[in-house]
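Participant: Could you build the full structure based on these sequences and the hints that come with them?
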Amino acid sequence: MRAPQASLFGLACEAKMSDLLSLSAAQAADAIAAGSLSASELFEVYRTRAAADRAAGADGLNCFTWVAAQRPGESSPAPLGGVPLAVKDLFCTEGVPSQSGSRILEGYEPPYTASAVARLCAAGASLLAKTNQDEFAMGSSNENSAFGAVRNPWDRTRVPGGSSGGSAAAVAAGLAPWALGTDTGGSIRQPAALCGIVGLKPTYGAVSRYGMIAFASSLDQAGPLTRDVRDAALMLGHMVGRDECDATSLAFPHEIQLPTAERLDGVRLGVPEELSGEGVHAGVLDAFRAALVRAEELGAQISDVRLPHAPHALSAYYVIAPAEASSNLARFDGVRYGLRVADAAELSDMYTRTRHDGFGAEVKRRIMLGTYALSSGYYDAFYGRAQRVRTKIAEDFSEAFQQVDLIATPTAPTVAFKLGDKTSDPLSMYLNDFCTVPMSLAGIPAISIPCGLSDGLPVGLQLAGPAFSENRMLDAAYALEQALAFDGSAARV
Amino acid sequence: MIDRDEVLHVARLARLALSEDELEPMARELSAVLEHVAKIGELNLEEVAPTFHVVDVTGALRPDEPRPCLPREVALAQAPAVSEGGFLVPSPQA
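Going down the list, the protein sequences come from chains A and B.
For the first sequence, my numbering gives the first residue as 185, with consecutive numbering after it.
For the second sequence, my numbering gives the first residue as 1032, with consecutive numbering after it.
It should be emphasised that the hints constitute simulated quantities derived from the structure, not laboratory data.
Keep in mind that a hint or two might mislead.
Listed next, the in silico SDA-like pairs over lysine to any residue satisfying Cα-Cα at most 25 angstroms (straight line) [to be verified]:
1. B:Lys1070 to A:Pro263
2. B:Lys1070 to A:Ala578
3. B:Lys1070 to A:Thr598
4. B:Lys1070 to A:Ser582
5. B:Lys1070 to A:Pro495
6. B:Lys1070 to A:Lys200
7. A:Lys200 to A:Pro263
8. B:Lys1070 to A:Leu611
9. B:Lys1070 to A:Glu579
Simulated restraints, written as ranges between beta carbons of each label pair [unchecked claim]:
10. B:Ala1063 to A:Glu293: 34 to 44 angstroms
11. B:Ser1114 to A:Glu293: 17 to 27 angstroms
12. A:Pro295 to B:Pro1123: 19 to 29 angstroms
Fair warning: this is a prediction, and the values are worked out from it, not measured in the lab.
Glycine residues also receive a C-beta, built at the ideal position from the N, C-alpha and C atoms.
Facilitator: Written as structure tokens, this is what we have:
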């Protein structure tokens, strides 16, 4: 190991710090492999920054629920070489608090580690911190957390998006080189868009869900939140694959490549009017359309496509996801882990009051919605119909992908909104997800990249492709990213 | 669309206690969301098969071979109350 550089003071030290923070995860891994950067020095820089944010509480960005006290052992010279990794709270991490942002799992330290995290650590990533999130990943603003709201580093009076808000804000602010999140209806892509970073939701089944505290099992997928597209490809490549602990995980049919494309010649991009017109704010549309012009200059062929059932996706999603959640969250009953009310007279009193005290308002709402949709007399009208709408949405995409290679939309209908703006109206909060839920219901991969600013706040562009088209999607996103040259350094704290 | 009694019924199904001041907002918010999602009732879906899962996997079972599982003391370590090697709960009919 090289001598610590802590003796360098003043400008030299600041310059060094700023150099370190400007490295992407892939660049840091390369520098460590080449011997020009010490993994323990890099870890300590990030650990100190993350710990400071944690210590600042509500005065900071509130990105983290836990920060490592020290670097977890010496890493092997594995491909990721000890690059620090921030992980969304809902991933089980052995011996490290994992609460999914909920009071009902207060003090829970799992006896095992989620497969996605274990694979990244086996590839050489070092667990830096757990990140704040909406409780059980239910939310689009990261205001539904037992740990309090996360603030957007571009403007601290605004939300970072959700539910992976802590992961997105931490990466945007330079408090972590990259982070792991989960996406059920947009929970990676939307916060990535609102924080000006890259977020990728893989094909359903590409990454094992083992050890992810479940929200909606037919939709949940783990994926990267990163500074650039190359980092997203690097992280994804080390996570994908069949895992015998998750029966829905699949062998990825080919290797994930690091993207290199500089042009978009021959790439057919389809723009669905259903997701890029009405309901999307003018400033977001301006940035989106300007990015499409750049794509065309790079050689892409842009055409209109139709997704006729996409306007119904949000409705189907807000039946299916709560229905699955109401079932998944039945396990939180005060018996095996987490919170239990102290003075219960009998068993059912213990269940119902533990759940009352342990769950936040949004989680209660979703449990109620899901239980209602599955209850006798309403099942066919809500859950049964929603599953049929899901079929139509998947068919819409299949038909569109006969004509185009990728679909492009804005990621979110607005830029980051003010804290508290939408908390009193659940439906207005849900409408944030209308560009992202169709891909989730169809199980197809999608990536959000920053494509510009509106009112000084980042706008995300979403690219989606057929199942297992991640390489093509990453290549296109990379080429566009290079051309757009988005500068996110203003968000660094 | 959904009233106070229905909220209480669904809460009972969900084993969720709701306090008096949670009932009215819950009824109002659920009604607003249900009214929105009920728009899928306008679609003609008669000939459409449901999609329960986007991944077509069947028979993804591992071989059924005995192997060590989570040790009892580890499984009990996070429990709020334990007794004689099991989870301790209040009596069901106290």
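Participant: All hints, please: hold or fail.
Facilitator: Against the structure, the hints come out as follows:
{"no.": "1", "hint": "B:Lys1070 to A:Pro263", "in the structure": "violated, 50 angstroms"}
{"no.": "2", "hint": "B:Lys1070 to A:Ala578", "in the structure": "holds, 19 angstroms"}
{"no.": "3", "hint": "B:Lys1070 to A:Thr598", "in the structure": "holds, 24 angstroms"}
{"no.": "4", "hint": "B:Lys1070 to A:Ser582", "in the structure": "holds, 24 angstroms"}
{"no.": "5", "hint": "B:Lys1070 to A:Pro495", "in the structure": "holds, 10 angstroms"}
{"no.": "6", "hint": "B:Lys1070 to A:Lys200", "in the structure": "violated, 57 angstroms"}
{"no.": "7", "hint": "A:Lys200 to A:Pro263", "in the structure": "holds, 24 angstroms"}
{"no.": "8", "hint": "B:Lys1070 to A:Leu611", "in the structure": "holds, 14 angstroms"}
{"no.": "9", "hint": "B:Lys1070 to A:Glu579", "in the structure": "holds, 19 angstroms"}
{"no.": "10", "hint": "B:Ala1063 to A:Glu293: 34 to 44 angstroms", "in the structure": "holds, 39 angstroms"}
{"no.": "11", "hint": "B:Ser1114 to A:Glu293: 17 to 27 angstroms", "in the structure": "holds, 21 angstroms"}
{"no.": "12", "hint": "A:Pro295 to B:Pro1123: 19 to 29 angstroms", "in the structure": "holds, 28 angstroms"}
Violated hints, in rising order: 1 and 6; the structure is consistent with all others.
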